[in-house]
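S.K.: Next come the chains, spelled out residue by residue.
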Amino acid sequence: MNTETRPAGFWGDAWRRFRGRPLAVAALGFVAGLVLVALLSPAIAGTKPVLCRYKGRIYAPCLGYFDRRLEPAIFTKDRFRGSYPRNLREKDPESWAIWPLVFQDPYRSVRADEWPGQPANPARDEGRPSRRNLFGTDQAGIDVFAKMVHGTTIALLVGFVSMGIAGTVGIVVGALGGYFGGWIDMLTSRITEVVMCIPTLVLILAIIALIEKPTIWHTMAIIGATGWTGIARLTRGEFLRLRGAEFVLAARATGAGPLRIMLRHILPNALAPVLVPITFGIASAVLLESSLSFLGFGPPPPTASWGSILNDARSNLAMWWLVVFPGITIFLTVLAYNLIGEALQESTDPRLREARK
Amino acid sequence: MATYLVRRAIFGVLTLVVITCFVYGLARNMPGTPLTVQLGETDPSRKFNPEDLERLKRIYGLDKPWPVGYARWLANVVRGDFGRSISRKQPVATLIAERIGPTFLISGTALVVAWLAAIPLGLYASARSGRADERMSSLLLYVLYSFPTFVAALFLQIIFAVWLRGTAWELPLFGMSDLPPDAPLLTRIGDVARHMILPVTCQTYVGLAYDSRFIRANMEEAMRQDYIRTARAKGAGPWRVLFRHAFRNTLIPLVTLLGLSLPGLIGGSVIIEQIFTWPGMGRLFFESIRERDYPTIMGLTLMFSVLTLAGQLLADLLYCAVDPRVSVE
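Heads up: the protein sequence lines correspond to chains G and V, in order.
So the first sequence is residues 176 to 532, counted in our numbering.
So the second sequence is residues 21 to 349, counted in our numbering.
Hints are not guaranteed to be accurate.
[Unchecked claim] Beta-carbon label-pair distances, calculated as ranges:
no., chain 1, residue 1, chain 2, residue 2, range
1, V, 198, G, 297, 29 to 37 angstroms
2, G, 427, V, 121, 57 to 65 angstroms
3, V, 29, G, 184, 23 to 31 angstroms
Note that these hints are calculated values from the structure, not bench results.
Note that beta-carbon positions come from the ideal geometry of N, C-alpha and C, so glycine has one too.
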């Protein structure tokens, strides 16, 4: 990463160690691949053209998969009703379009001849994996591959957003307690303990039940709001250890205020050990979201989440493809984050570093 | 020691009050009440008429704001009365007592099996540390550790209940027993055991993977100590070093871990019990939230919290008991 000739810093050193672990690098590659799939999801599977020329102008209707409002209004006005191939041909013979790799929709079943020559998706329990439906179809005839490709965004967001929240809360609470000590530490430690004692799933189920229309963002916020205790405890320990360090004393002698000392001096030194539980936290957030969706407490139906596909499988276990594909994907994602977390731990912890030959 | 226990107890009670108050507030603010949720979902025409609803609300004390309800609940609990379940028309204490057995059957078996397998595995891993076979088995355990239980449960259900249906290997999908209660005792035990295999497997493998990694990590730490070098220097064989010198010193963190697994032992796993419709505590909890059955939710929350706190205290005390260098003061 660092090509300069000066000696590699702490992070350069850690990266060098990280690279020496092929499994961790593969895991990092896997997560990068997921990011790529999430970004390109409308171009991989969809029924809306990636790019098309219609009545003299160029549009990108596929953006509608990210947000409804991004779908150009002209197609609603011209009554396309989501069915692009035929309408484009009929309403503007001069038009052309670049189509996604797989003509399947994550939200509905594809009808017969919607795409010239492509039969309707099989519904009920007949949709075993085939050339047209790589991962099969669910009971409503919706393509599982398309659902999973579009669910990637959620799986990634859940991990990063919820751990972003948990990390922020945990670091703030832990830093305050560890740095100031005294009654502040007493208060923050008690709060942390109380939250730790409430069973997570209980807390989450109760809060989700409170919300009238839970969306995936609510789920992320709740996972974040309940998952910060471990991070807070670790941060507190690090701050407690470092607040007496000489460089902190030096900073205080130069007149730095508490906020500056905490942010600029202690936090960078405490970041490595705190990053480790955050990475493991991403893994458990993904796991938690998919188990919530699996229990039927996930986001409402049109949102495609990996866990909700598994929930569909519960009513008919003979449809093994509804279990195998999302199950393996969730497993690989969790494994990847765990491997990254472990490698991060071993490449940044000086104690473990010395122990390695 | 006595002052320490008293201080812990006071903090514990305070923590319990905060937790139960918070959960009670949450539960009472969930949309719907136990009186409306159940009937309204199954059949809209069977909803109560407004007067009946008001009367029932008064009977269950739901007409008052939630802080009043909480105070009343707390006062009853202090007197040893956990209330009656609204949706099941039974005392909460009876309901919980009924469910502890089945949950313990699964989690206790899983805990014992996991530890029995984890200790030799962990020791084996540290004895063969760095060799090809150890790396392979450690990687496998790590993979197992990352495998989500509910995915594993579904896989097992597909294999043993769908693909192997009709063969001798077929295992039941749901529940605890298919036999009537008047069947002979031995047959019934065998039937329950068959029903237990899949849920216990699911709960065991995660614990096994976690425990053996934990043991291995602690063994590695111990093997680096000076006294190991001394033991080797005085001529102790590799197994003797491993068992008598290293492993005995890793017992302390193991004991702590055992203490912390106490709440799970009785609390059960919501997901596993839900998948296998096992009549245990986790499932009771899930159902009581869905039915908005406040007394049951509160009884279970109180129990979970007491167990968690007790587990922490137990872990700390055991730690002091096995390690004379540590003292509670």
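S.K.: Which hint numbers doesn't this structure obey?
M.R.: When the structure is compared with the hints, only number 3 turns out to be violated.
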